[in-house]
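These two chains come separately, so use the hints to put the complex back together.
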Amino acid sequence: MGCGCTDCEAMMQPYLDGMLSDSEVVEAREHLERCPPCEKRFRFEERLRHFVRVAVDEPMPAGLRDKLAGLRSTAPPA
Amino acid sequence: MSESTPTAAETRRIAEVARDRVRFEEEALELSDQVFRVARRLTGSREEAEDLVQDTYARAFRAWQQYQPGTNLRAWLLRILTNLNIDRGRRAQRSPDLQPLEEGDYFLYNKLESTMPDENPDEERVIERLSQNSVVDALADVPHDFRDAIVLVDIGEFSYADAAQILDVPIGTIMSRLHRGRRILKQRLAELAVTG
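Top to bottom, those sequences are chains A and B.
Sequential numbering from 30 applies to the first sequence in our numbering.
Sequential numbering from 1175 applies to the second sequence in our numbering.
One chain only, chain B, in its complex shape (with noise of 0.2 Å):
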């Protein structure tokens, strides 16, 4: 038997691996369309996130041994676009303190209420004061690292574990990030409720 000729067990083994790529890439397919949703608002517009989303897969279906399977596949992805933000320097505009500080919990429910005339308004009446692209453009103007945890766990549907590994920071942070971004993205659409 010549020396190149494989072995039964490695034709074995070639076919496994082959097999295991196309599962694997129908599997990252299946999630394009959530993959997308988040990219959208992790981005300022949808040809930003339909690039972003194209980087992506171009690297997830070279890197596919990384991923280890069992885990969770839509995080892996997300970790892979968000580092490609970041590359792309989406970091250059920092978000440090330079918010106000931002009001309570209840400020935007306080806020939209006293604009009724009713005296105890439903809350569904209340939330029909905002506008569909009111939260958009509220949820636009939140800075980058707040808005990206409110992007993976509010809308994403990630736990804070997957967020906190997707945007490598301590799960500490995530929930501090999240915390206040709710309450910026609050005090934002209040803002632009009171203005219309």
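With the rest of the complex left out, here is chain A (with noise of 0.2 Å):
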């Protein structure tokens, strides 16, 4: 699909999570900038893991934090 090179496919995660050498970088960057379709999906593929980011994410419940303070050994600043 997309351009039916395999080999952007498999530089995908390495170069989002920025572990390419920079000789690599260039070559997928000139890559992408000829292929339209790769391009799309890596950008969905950054989006999508900010999405994970963000959907996943649910806060503190209301009380643990007090809950954690009362285990300090030290009493709390006055």
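There could be a bad hint or two in this list.
Said to hold, decoys possible - Computed, partial: chain A to chain B, Cβ under 7 Å:
| no. | residue |
| --- | --- |
| 1 | Glu62 |
| 2 | Arg63 |
| 3 | Arg76 |
| 4 | Ala84 |
| 5 | Met89 |
To be verified - Far from chain A by the CB rule (all over 12 Å, computed), these chain B residues:
| no. | residue |
| --- | --- |
| 6 | Pro1180 |
| 7 | Ala1223 |
| 8 | His1318 |
To be clear, the hints were calculated from the coordinates, so they are not data collected in a lab.
Bear in mind that the values here come from a model prediction, so they are computed numbers and not experimental data.
Idealized CB from N, CA, C, for every residue including glycine.
Encoded structure:
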């Protein structure tokens, strides 16, 4: 799919994780400029990671912080 | 001077330790919200996460002197938390290779795009095919070892090195679990999106 190049797909995660060498990054960017379908899938992946982080976010229950503070050995400052 | 009377130096030292301890406890409490968010996704329920975080802080407050000031306190707390989680028998559920071969990285995008009428939809529209609940469910379905890596790196925003230290595995293991885990997650998301 996309441009049919499997190299690109294999490079996606290391690229987005910042794990490629400088020369590999240049190569990846050059390819992505020439290949809109791959570029779109890379942008999708970036947004997906953000979406996942936000979607599963669940704030700390009210009261838990006080319970934790109660576990302290030292008295909180007055 | 009697032997039981502390010297000025000793008194100063005791006061310093007490101050360090207060500072440690305050810094740890500041991080509790972030620790909970990660704990919530490492465990199956809100209650379980709450218990685990309390046990973690109880242990951290006792073992505070083992923490090296200047190192990553959040990672140190999570290390305690994941160890307690394992002690609780969570590892009884192994997650070996019963996973089917996961699909490639483009799988989810291609699947979602194929359900849309427009020829070349914007990636933002494609993302909108996913619901918040489906993400929560899909993540919960990812086997533990892979999920832990995703939770620490993609949700907790720990570096590979910190995640490796927290889970006590080599960095290469974190990378491969993350790589496979994300693919498994996307495959599951695709299934959930297609079945509604």
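So, going through the hints one by one against the coordinates:
Taking 7 Å as the C-beta cut-off, the interface hint given for Glu62/A is violated, the closest approach to chain B being about 17 Å. The beta carbon of Arg63/A is not positioned within 7 Å of any beta carbon in chain B (closest approach about 17 Å), and the interface hint is therefore violated. For Arg76/A, the suggested interface contact is upheld, since its CB lies about 5 Å from the closest CB of chain B, less than 7 Å. Interface hint status for Ala84/A: upheld, as the beta-carbon distance to the closest one in chain B is roughly 4 Å, under 7 Å.
Hint on Met89/A holds. Least Cβ distance to chain B is approximately 4 Å, under the 7 Å limit. Distance check on Pro1180/B: its Cβ is at least 19 Å (rounded) from any Cβ of chain A, clearing the 12 Å threshold; non-interface status holds. A cut-off of 12 Å between C-beta atoms contradicts the statement that Ala1223/B is not in contact with chain A; the least separation is 8 Å. Chain A leaves His1318/B outside its interface by the beta-carbon criterion, the shortest separation being 16 Å against a cut-off of 12 Å.
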